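Chemist: Listed below are the residues making up each chain.
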Amino acid sequence: MREFAARQPDFKRATCAVAALAVLASAPAAAQNPNAGQMAEQYAQSAKANAELTRQYTWQMRVSLTYKGDAEDPELYQMNWDANGKLQKTLISAPPDPKKRHGIRKHIADKDIDAFKKWLSDLMDLCKQYMAPTPGQMMDFYSKATITPGPNGNAVAFENGFIQPGDKATYYIDPTTHKPVKYAFMTALQGDTVNATVVYGVVPGGPQYAAQTSVSVPAKEVTMVIENFNYVKQ
Amino acid sequence: MQQFTSRLQLPGWAVVVAAAAVVAPLAAQNPSAGQMAEQYAQNAQANAKLMHQYTWQMRVSLTYKGNAETPELYQMNWAPDGTLQKTLISAPPEEKKERGVRKHVEESDIASLKAYLDSLVDLTKRYATPSPGTMMNFYSAAVTTPAPNGGVAATESGFLQSGDKVTFTLDPSTHQATSFTFSTTLEGDAVSGTVIYGSVPGGPNYASQTSVSVPNKQIALVLENFNFVKQ
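So the sequence lines, in the order shown, correspond to chains A and B.
Going by the numbering used here, the first residue of the first sequence is number 1, and it counts up by one from there.
Going by the numbering used here, the first residue of the second sequence is number 1001, and it counts up by one from there.
Derived from the structure by calculation, the hints contain no laboratory data.
Because the structure is a prediction, the values reported are computed rather than measured.
Treat the hints with care, as some may be off.
Claimed, not checked - Computed Cβ-Cβ distance ranges for the label pairs, DEER-style:
#: 1; chain 1: A; residue 1: Thr148; chain 2: B; residue 2: Ala1190; range: 39 to 45 Å
#: 2; chain 1: A; residue 1: Gly166; chain 2: B; residue 2: Thr1144; range: 55 to 61 Å
#: 3; chain 1: B; residue 1: Ser1157; chain 2: A; residue 2: Gln56; range: 32 to 38 Å
#: 4; chain 1: A; residue 1: Thr176; chain 2: B; residue 2: Ser1173; range: 47 to 53 Å
#: 5; chain 1: A; residue 1: Asn195; chain 2: B; residue 2: Lys1049; range: 39 to 45 Å
Claimed, not checked - Only pairs whose alpha carbons sit at most 25 Å apart, straight line, appear in this in silico DSS-like list of lysine-lysine:
#: 6; chain 1: B; residue 1: Lys1125; chain 2: A; residue 2: Lys144
#: 7; chain 1: A; residue 1: Lys86; chain 2: A; residue 2: Lys48
#: 8; chain 1: A; residue 1: Lys168; chain 2: B; residue 2: Lys1217
To be verified - Only part of the chain B face toward chain A is listed, based on derived beta-carbon distances under 8 Å:
#: 9; residue: Ser1032
#: 10; residue: Gly1034
#: 11; residue: Ala1037
#: 12; residue: Thr1129
#: 13; residue: Pro1132
#: 14; residue: Thr1134
Where a beta carbon is used, it is the ideal one built from N, C-alpha and C, also for glycine.
Only chain A is shown next, with the shape it has when bound in the complex:
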């Protein structure tokens, strides 16, 4: 038996989120900007261009999940594009020992696994919304975001109510490239607070990508870290 993350079919949906992380384009921000619509269009064009660039690369992705303080064995995937343009992930780390009962399976009875899988799938869907905001959501962000100086000379653009009422989103933007170097959001899933941080990377001459995405749900004692690396042009 493979480990939880690999066993559950719903986890494949996480791949979509990961793909979204990988192809998120740069977001030039400005406060109270009357040209927010044009900026959002630029965002959409940049996202599309970045997605096209990403399709020229393969890379590896590592998924690490911790539940109630117990860590699953991280799983390493090779990420490739198939002939139809769909992102494929192939497990390349050693398959987990089926007799090993740790991590999630240590804490959740078999009969409750499905409910947990559904919840995890909902978490992935929620994160996907934040990781790949629509141009309209970015337009509202450009219109309303408050910009303040941040660490390392970055500009910090912050907005409440980014995707849903009560949430918070913050982009840390490199003032020279106008690209985000980090993105944090706080939201809620079924009443539980969800915190996430994304650290972006750039392949020299290639796409921008989510190098590390960390998601935590303290009330459920769940943390997940997704890392993308080893980008190779095909």
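Following the hints, position chain B against chain A.
Modeler: For chain B alone, kept in the frame of chain A given last:
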């Protein structure tokens, strides 16, 4: 004791929703969605300024489980600081009358129903006053079809939340919306709403009638705005 609607003290912004919902400027030439959304934002701002030159009246009608509360009529004015004020001008309801909402809801349940209605009004507000970004997505994704009386219907699913559906019906000559319908959910209950737009000659566009219903809860709410007078 006032009627249920009064005791609910519909928040001021609920009134603003009904009064100042802005018409969506869908242009036939279809410039880019971002430009259209910027135009929408500018129009909304201009319409809001126009609205501040007027007073009007608003009638609120609530039906719960088939029983209608006595409609309440309000005079709507702008305070010097620019906030919208509503003053009840219809006869105050009889205190001991057990009808409408009070006939069906125990005092202890009033609070939960009030909270539900607050959420319903908040949800309606989000649909009736979409952000420019929401409209940008709408302009990008909406499907247009012919509508009755020579109009055009622009429809999109996933307007504010997955599974919802909205339709703006547009007058092709003015490119202004004449009505807006939405279907969505609140705490699992199906919610449907219709907004009929009016226009004060030489003045602002406004939501002349907003109807919201929640069949599961047997709730129907109608807000009407009329008698606009320039100050």
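Chemist: Now tell me if each hint is right for this structure.
Modeler: Going down the list of hints, with the structure as the test:
no. : hint                               : in the structure
1   : Thr148(A) / Ala1190(B): 39 to 45 Å : holds (42 Å)
2   : Gly166(A) / Thr1144(B): 55 to 61 Å : violated (34 Å)
3   : Ser1157(B) / Gln56(A): 32 to 38 Å  : holds (33 Å)
4   : Thr176(A) / Ser1173(B): 47 to 53 Å : holds (50 Å)
5   : Asn195(A) / Lys1049(B): 39 to 45 Å : holds (40 Å)
6   : Lys1125(B) / Lys144(A)             : holds (19 Å)
7   : Lys86(A) / Lys48(A)                : holds (15 Å)
8   : Lys168(A) / Lys1217(B)             : violated (32 Å)
9   : Ser1032                            : holds (6 Å)
10  : Gly1034                            : holds (3 Å)
11  : Ala1037                            : holds (4 Å)
12  : Thr1129                            : violated (13 Å)
13  : Pro1132                            : holds (6 Å)
14  : Thr1134                            : holds (6 Å)
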